[in-house]
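Visitor: Sequence:
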Amino acid sequence: MCAAEALEQLARCKRPRVVVGDGALSQLGELCGELGASRALLVSDRGLVDAGHTQRAEESLSSAGIDVTIFTEVAPNPTESHVQACAQAASSSGAELLVAIGGGSAMDTAKGATFLLAGGGQMEDYWGRGKGRGDFLPLVLVSTTAGTGSETQSFALITRERDGRKMACGDERAVASIVILDPELTASTPSEVVATSGLDCLTHAVETAVTSCANPQSLRLSHLAFQLVCSSFSEALQTNAIGARRNMLMAASLAGLAIESSMLGAAHALANPLTARKGLNHGRAVSTMLPHVVRFNAQDPVAAAGYEELCRVAGIEGGAEGLASRIEAWLDEAGIPRSLGAAGIVDSDLGALAEAASQEWTGGFNPRPVDASSLQGILRSAL
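The numbering used here puts the first residue of the sequence shown at 923, with every later residue one more than the last.
Keep in mind that the hints were calculated from the coordinates and are not lab data. Glycine residues also receive a C-beta, built at the ideal position from the N, C-alpha and C atoms. It is possible that part of the hints are untrue.
[Claimed, not checked] Listed below are the simulated DSSO-like cross-link pairs for lysine-lysine, each with C-alpha atoms no more than 27 Å apart in a straight line:
1. Lys-1088 x Lys-1053
2. Lys-1088 x Lys-1200
3. Lys-936 x Lys-1053
[Unchecked claim] Taking CB as the label site, the calculated pair distances span:
4. Pro-1112 x Asp-1293: 36 to 42 Å
5. Cys-935 x Arg-1302: 39 to 45 Å
6. Asp-1085 x Pro-1259: 22 to 28 Å
With these hints in hand, go ahead and build the complete structure from the sequences.
Guide: See below:
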């Protein structure tokens, strides 16, 4: 039932237009042709080239009469330099459209490039919301991982090179024109990526359900995304079942839509320094911190009620503690260590990590106020 509701919810979305379907990549050229562009920059990564997905995307575009230039210099946690290189490639090729196929890194790289192509300058100029300038090129995003939800967000998350800070650069003009969710593309996704991206999606659904600016519309999206994760994450992790993979792709996109208005919370604030300073994969970092953030936030009655309602729609008993325990069970199932100590982090690291986390923008939307001291306490509970 929740899968049908998710399809209906995504079908109602006007910007971006979301196309869901097995084999939907074959529609890429036709859909891009409707945007009126004759030259496209196709942004991808070498793994997808090896899997053959990039070539299939190129063939679909070419069959629609669209000249294609391929840019594959995409890296995890894209930096300002990656975005600059992408924008330069688009400019040099005369691209009238950017198409990104991949996970959050490819999509953020392409999305960031639209800021620079429209307004010039540096990515840091656009750190925040609504700072875009000029006319943005159309953007089409094809998601191959069920995690970040970047495909349905106006934000590009770009790493500042001098200190590793994650810059969230958002503007409504950066929202994709079209999003394609083709579960067949996830069949080649490595199991560890299925795990960490799925846990990232889970964290988005849980955090958006209790932030200080959550609203009835974002809550519907959060709850639906969480229901899909509960019904499909384990199956997607263990098998290539197309239905489960489709559900996880939809969950990620729904949670991404929720983030647009509800933002995120302390789990993301804590995770970003763990990624930048300690090299933890983002999905691992946020999901490791999530049960500890849930227990911390549950001491606030409003947040506790939000977790209770999230558990109710998904059939989880025990309120916030039941939710935290369920998250830990998913970590175990995915083979993700529960503790920060397993990643080599020690008590003497916590002060600097907490101070950095206190500077992260997402902490400001956490339902229970946080500062460096309280964030250090949460980190210590995860050691």
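Visitor: For Lys-1088 and Lys-1053, compute the direct alpha-carbon distance and say whether it is at most 27 Å.
Guide: Cα-Cα ~16 Å, so holds.
Visitor: Can you confirm whether the C-alpha distance between Lys-936 and Lys-1053 stays at or below 27 Å?
Guide: Satisfied, since the Cα-Cα distance of roughly 23 Å is no more than 27 Å.
Visitor: Falls inside 36 to 42 Å, the C-beta gap from Pro-1112 to Asp-1293?
Guide: Given range 36 to 42 Å: holds, Cβ gap about 38 Å.
Visitor: Quick check: does the Cβ-Cβ distance between Asp-1085 and Pro-1259 fall within 22 to 28 Å?
Guide: Since Asp-1085 and Pro-1259 have Cβ atoms about 27 Å apart, the given range 22 to 28 Å holds.
Visitor: So does Cys-935 sit 39 to 45 Å from Arg-1302, Cβ to Cβ?
Guide: At roughly 41 Å between Cβ atoms, Arg-1302 and Cys-935 fall inside 39 to 45 Å, so the hint holds.
Visitor: Quick one, are Lys-1088 and Lys-1200 close enough, alpha carbons at most 27 Å?
Guide: Since the Cα atoms of Lys-1088 and Lys-1200 sit roughly 14 Å apart, the hinted pair holds (cutoff 27 Å).
Violated hints: none; the structure is consistent with every hint.
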